[in-house]
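Novice: Chain by chain, the residues run as shown.
Protein chains: 2
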Amino acid sequence: MEKRTEIGEVGEFGLINHIASKFTQKQDWTDLGIGDDTAVLDPKGNKVVTTTELFIEGVHFDLGYTPLQHLGFKVVSVVLSDIAAMNAIPAQITIGLGLSNRFSVESVDALYEGIQLACEEYKVDLVGGDTTSSPQGLIISMTATGVVEADKLVQRGTAKPNDVLCVTGDLGAALMGLHSLEREKQVFLANPDMKPELEGKSYVVLRQLKPMARFDMIHEFRDVGVVPTSMIDCSDGLASEIIHLCNASGLGARIFEKNIPIDDETYLAATEFNVSPLTAALNGGEDYELVFTVSQEDFPKVEKIADVTAIGYMTNIGNERVMVMKSDAIVDLTAPGFGKQ
Amino acid sequence: MEKRTEIGEVGEFGLINHIASKFTQKQDWTDLGIGDDTAVLDPKGNKVVTTTELFIEGVHFDLGYTPLQHLGFKVVSVVLSDIAAMNAIPAQITIGLGLSNRFSVESVDALYEGIQLACEEYKVDLVGGDTTSSPQGLIISMTATGVVEADKLVQRGTAKPNDVLCVTGDLGAALMGLHSLEREKQVFLANPDMKPELEGKSYVVLRQLKPMARFDMIHEFRDVGVVPTSMIDCSDGLASEIIHLCNASGLGARIFEKNIPIDDETYLAATEFNVSPLTAALNGGEDYELVFTVSQEDFPKVEKIADVTAIGYMTNIGNERVMVMKSDAIVDLTAPGFGKQ
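Same order as they appear, the protein sequences are chains R and L.
Per numbering that gives the first Met the number 0, the first sequence starts with residue 0, numbered consecutively.
Per numbering that gives the first Met the number 0, the second sequence starts with residue 0, numbered consecutively.
One thing to keep in mind: the hints can contain errors.
Unchecked claim - Okay, derived cross-link-like pairs now, DMTMM-like style, lysine to aspartate or glutamate, Cα gap no bigger than 25 Å in a straight line:
hint	chain 1	residue 1	chain 2	residue 2
1	L	LYS151	R	ASP27
2	L	LYS151	R	ASP30
3	R	LYS43	L	ASP27
4	L	LYS43	R	ASP27
5	R	LYS21	R	GLU5
6	R	LYS151	L	ASP30
7	L	LYS25	R	ASP41
8	L	LYS43	R	GLU148
9	R	LYS25	L	ASP41
10	R	LYS209	R	GLU264
11	L	LYS159	R	ASP30
12	R	LYS43	L	ASP30
13	L	LYS43	R	ASP30
14	L	LYS151	R	ASP41
Just so you know, the hints here were simulated from the structure itself, not pulled from any lab data.
If we strip away everything but chain R, and leave its shape as in the complex, we get (with noise of 0.2 Å):
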């Protein structure tokens, strides 16, 4: 039988010593990381990018099939993806956690080990946070801040008109990792002895349970000596990261439909779940891709990174969101949340 420490038994102090005692701090950014009223960071002459999401555990997530680990390592992933949509470097995370009493010291290390892996991967210092009991559940809220060199800073309404439309990566995998991850979860209540099936799901269901916030483009865009125009991370989809692109703008964007990157294994899934891939791509969420312009004089440096596909071009039509099918027809692009734009 796996080893149960009561939280009780070490107390908030105790836990949080514990916590820290596995984290040192690498960035030269931070000053100071855990064990004081605050952290800080020394920014030294660059701007401060800042950033928050809650996670509540039946809302976010779903700890049926999602390791603990992972959930560590998403949860620094997703939040982080905004600090790179604004083509800023990570610098400190801070976490708030919210423990019901199911949960026990060796499930709270289990978050740790994935969030200390995402921050060697991310080179980010965890540098605080409040750890308390919850009457219901697991709810993390993960802060970030980041560095970012004036003349860099990207912001959303910034593209202007021609300018190229491009993501990075491919779409709509993680919405088919979700569906394969719940079929399975059915599965197992239906049938305990079941073996999960998740064969040729392997790149869907890692897309869904450990995503990458994109830092190697920002990195690709110094080392081609690149700024994009404007630029937003996909976490809702496609289709809701271009019409804030647009909103914020106030132009209007063309995508086509033949230039949308979708891996095979999505295809696949998206047919066996009855799922358009395309819909899956436009209106899934959780890629954690880059959507963002460039100007047309650029879009040669671009074009050369792996990996950043063009999708369509920014318009000075203001209300004009359309996307131009295989077939030539045009079709508005639509998202939930902002209605029929």
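Since the structure of chain R is already known, use the hints to place chain L on it.
Specialist: Below, chain L without anything else, positioned relative to chain R:
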């Protein structure tokens, strides 16, 4: 009947726009507030301090006697108090909000009214957040950033032996406020027609419902040209905070019962509730006063500040955390969560 608008009617983006429209960015530090992937802060060459707290209904607050406006104000005070404890100036806050379907747009408005009032009081900008549904109750995560000149930053562990140990304001009132409110709640539950009996409790109730982060003191320190040698805010009770200062500095501390500032109303309420006023001050918590040390040289300048009381001094006996009683007896300071030190 009061108007009730379901959050589903306006949607997440609608709610965010509704809230954002009420907040204007006022701080010189804020380059970018709500509306992009992150907020942007220009620290203008200063260090940046960050802190986060998680507040969960039923654990940290009881909406049975806490008006949402007061709660909004309080959560900002609580998180900013940590910024004050670093001798820093507050700059920005971000909020994560988890709302069960019990909460309407109007109740979210009431919460934000209090947050807005706090933003004006403390001259900070609300620059971002995340709003989501919660399966049960209200969840608030609050993160704050502040700025501080490198030579004014004050940590916990930097006191020297013989430094004078001081506190601002008075202690124990917030706990007595909590007892008063809890009693009224029980009376109300037993008989909803009973009028609340909070006469003679206005100060302690206000200290519980609407605590203030002591930035007035931070400005006084700058005015008199003093940088405390160490500092912490008083969230868990004086004894706990002194133990933190001692642990962090490797020093001991000796305080005097006769010097501990306790308001008359706190005394009276404590007597009524059969609580020792001294215990309320030492272990009550939630007063959000500052506990700090200054060098003997600087003490005359600090002594002149109204609302500062010298309560003892730091010693070079590493394991000494004691209080000299009015009877001249010497007792060890203890705090829950630490065990006996």
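Novice: Tell me the numbers of any earlier hints that the structure contravenes, in ascending order.
Specialist: Checked against the structure, no hint fails, so every one of them is satisfied.
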